[in-house]
Amino acid sequence: MNIGGFVGGAYKPLNEKQLQEIHNTSLSVLENVGLHVPHKEALEIFVSGGAHVDYDNCRVKFSPELVEEVIAKAPAKISLCGRDPKNDLILEDSKVYAGTGGCVVSVYDLRSGVKRSSTLSDVAAIARVIESLECINFFVIPVHPNDIPENLVDINKFYYSFANTTKHVMSGVASKENFYEVIGLAEKIAGGKEKLLERPLLSMITNAISPLKFDNVATEILIEAAKYGLPVTCAPAPMTGATAPMTLAGTLAQQNAESLAGIILTQMINPGTPVLYGAVPAPVDPRSMNFLFGAVEMGLLNACAVQMAHFYNIPIYASAGPSDAKLSDCQAGWEKALNILMVALAGGNYIHLAAGMLEGGLAVSYEQYILDNDILGSVMRAVRGVEVNQETLAAPVISSVGPEGDYLLQEHTVKHMRSEMFFPKGADRNNYILWQQEGAKDVRQRAKEMAWEILENNNGPSFNADLEKDIRKSFPQIIEIDF
Amino acid sequence: MVVSGIVGGSYLPLSESDLNEIHAATMKVMENTGIAVHCKKALEIFESGGAKVDYEKMRVYIPEKLVEKCVEAAPSKITLYGREEKHDLVLTDKNVYLGTGGTALNVIDLDKKRRPSTMKDVTNIARLVDALDNISFLVCPVYPTELDKNVVDVNRFYGSIFNTSKHVMGGVYTVEGVRQVIKIAEEIAGGPDKFKERPFISMITCIMSPLKFDKDYTELMLEVANYGLPLATPAAPLAGATGPMTLAGTLVQLNAEALAGIVLTQLVNKGMPVLYSAVPTTVDIRTMAFLFGSVEMGMMNAAAAQMARYYKVPIYATAGVSDSKLPDVQAGYEKATTAVLASLAGANYIHDAAGLLEGAMTAGYAQYVIDNEIIGMALRATKGIEVTPDTLAVETIDKVGPGGDYLAQEHTMKHMRTETFFAKVADRQNYTNWQNSGAKDGWENANEIAKDILNTHRPLPVPMEVHEKIKQMVPDLVDF
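So the sequence lines, in the order shown, correspond to chains A and B.
Take the first sequence: its position 230, counted from the start at 1, is 230 in the numbering used here, and no numbers get skipped.
Take the second sequence: its position 425, counted from the start at 1, is 425 in the numbering used here, and no numbers get skipped.
None of the hints are false.
Heads up, incomplete: computed chain B residues facing chain A, CB under 8 Å, no partners named: (1) 247; (2) 377; (3) 403.
Here are the simulated DMTMM-like cross-link-like pairs (lysine to aspartate or glutamate), alpha carbons at most 20 Å apart as the crow flies: (4) 61/A - 398/B; (5) 17/A - 390/B; (6) 441/A - 111/B; (7) 440/B - 109/A.
Covered, in the sense of this in silico footprint (three residues per stretch, anywhere, with C-beta under 8 Å from a C-beta of chain B), are these stretches of chain A: (8) 296-307; (9) 327-340; (10) 376-382; (11) 422-436.
Calculated from the structure, these hints are not laboratory results.
Cβ atoms here follow ideal geometry from the backbone N, Cα and C, with glycine treated the same way.
Turn these sequences into a full structure, and let the hints steer you where they fit.
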């Protein structure tokens, strides 16, 4: 079961006037500064769509009227499906889902705790862990398989993701060829192109380069995904003070311009194609020039980006949840909770990076997925909000219990006790003595044990035998792994 | 300096109609179900104020009109003063401050060991809090377990005042204690008049859930209300045990309890500064253990902030406690979750937000340093985003252009110190540097900062002659 899809929006960091001002600034950036797009086909698409293109300088500029006209074609509702329909996500309005993020090259080994290079087995094992964690709603392929040849990475990472989770799978690919190779695999699993388009089991991530630049590979994948009609995002990651202005408002104005440019390209190619407003704005540590993914401004920026996307009525691929801590300590706890909560309460539709990530988004840890599942459960409870009606207001119950009574055995209590509260799996809620008797463990230790238990007791939702045989025959480049 | 004057309210869990419905249900409870009041004097005060009183059942039924009248009389702006002006807190509308809470019976000290708390911990924690910028006030956090109950009040308060110039609030245990505390505070202020002008302390007297004023606390409440010292009258309904299982139902009961506290104090002393006081939380239905770190606790306190604003009375709210036994990842996420919910909702005086672990049974020295950081981040979030032509930076974006960078821009220099929150505990190094500097976790980082503060920080002293006089006035004071 997937716990998600509650309606957010109770938190609004920006007022109407501020939204409008950011929007106007982005329009002015798109009109007067423009974007650098060193990709001939993209420039041609932009020209024929009505944009102003300077081929010599690879610069494209958009009039405000054109921006408004083209982005209005992007759908307000996008379905991202899982192999199992119960894991389907309907992205619209302020509905909130959260899941993993990637793609990193390091993992903290579950057995030794030591940081090491990630492998194809990690892709499979993490997918299997996510399959069991109900508050993690989708699977952005979290790690890069460093142990296999580079040209086999994309098909293998997608195959082992699909083989181990029935949740929606999202990732990027390295080339146009790889894109169609992965699509071929997905069509086999879905039962053909039509069925895949009807129920997209995968979606594509591409990234714009801040400030205001599209690179060749990402542009190519974005174009192909739009042509095919596959859900896609083009997400810029402007860093406040480094690749974006030092102010949060300025970062948002630039990020919004970049996000809209990606949306415009897809809608000029294939009007109505499902595109997510992509946003990975974050502050930077001026000393190291690293992302500060755990900084509170990360949550603030992304919550505002959510409001911007809703302003255009386009579902958002937002970001929250990596900690800058190097291990699952108190810092990991507070950084993750703060940022995810803010973006979720704002109504972030598809919050990626929300599970497993430490070290500023450079490494993942198995036990952190377990811990983040609890954080996400509590966040989803907050998003669900306080239900107020005559039944929940309970005036007659208060009256019948009266002063000095208790509610333990009331029918009303029994009726609501399972649904009103969130029950975390990892958190310690015992009293001190019981906690001591159970080994005085910190929660990280408990989470490690829970991750082991999942990996030992679950086999993964494999494909039926015929399909498996068919896939293996069609894709001999799929590597056998043991994990 | 205290980071303060930050205005919340960007997170509103309840709609207008939710607020109206909770109010309407509350009025029914107050008028028809009533409140148990185990104090004859209080029953008489309620009756003379216009409530219906059943002396035999010790039950008070409060009509909506009386609630309205008393809510109207209660001030909508309360300033809680510090010994220094820079620590003054202006509680009104959506102004947000966070601080400590009590009363824990144990501490985890700098050796990372848990033991019963003592007077030394009262003074050490006050000194820690004095040095931690984002913690705006001190609620006396621990109980000196080695002292006799009769001397606890004056020792806790004086030990706290002596070690911080921030506002000090505390629970009280005896009427004599209340009087002693006020006497020493007047002495420090330079006389009763000066103290009344800038009361730098306030008190807490509890209401029991469900719907009960007990004898001891109510007598204390009357004593404090008579004097007119700022007062919190918290009730702590536990959803599913001493409050209805539903969050909305617990809010109704809490609202009745909070309003009853306002009614009684205003009947005693019209216009006296009383806070809408809220400690709603939940229980673990499997074990009946009360929970202070649950997300529902944060939601209810955020909702309570909206209720308090509905009545235009500043709120004493609760957030930032963990059920974890040590400063681990659970402590991090539980504290951050409830603290930011209450803060974004615009709760005025959020207590319990620093130091408390194990469901408020234990206070951790390092935890104060950690929570100072969490509070700083919650306040940064609450402050929100400034949108002006300068912050929108369109000229700078144009100047940098596609593919450039902002590192050396004037605009970057101008805003880099103020736009983002600077972490002190959080490790933001890369992996290699982190390893080379000892691969420490957040607890160890915070512990080192706490040690450093206790070794070096000197709060604003109480003048020597005042100190000597107080020691003579109150022979029960212990040395600290």
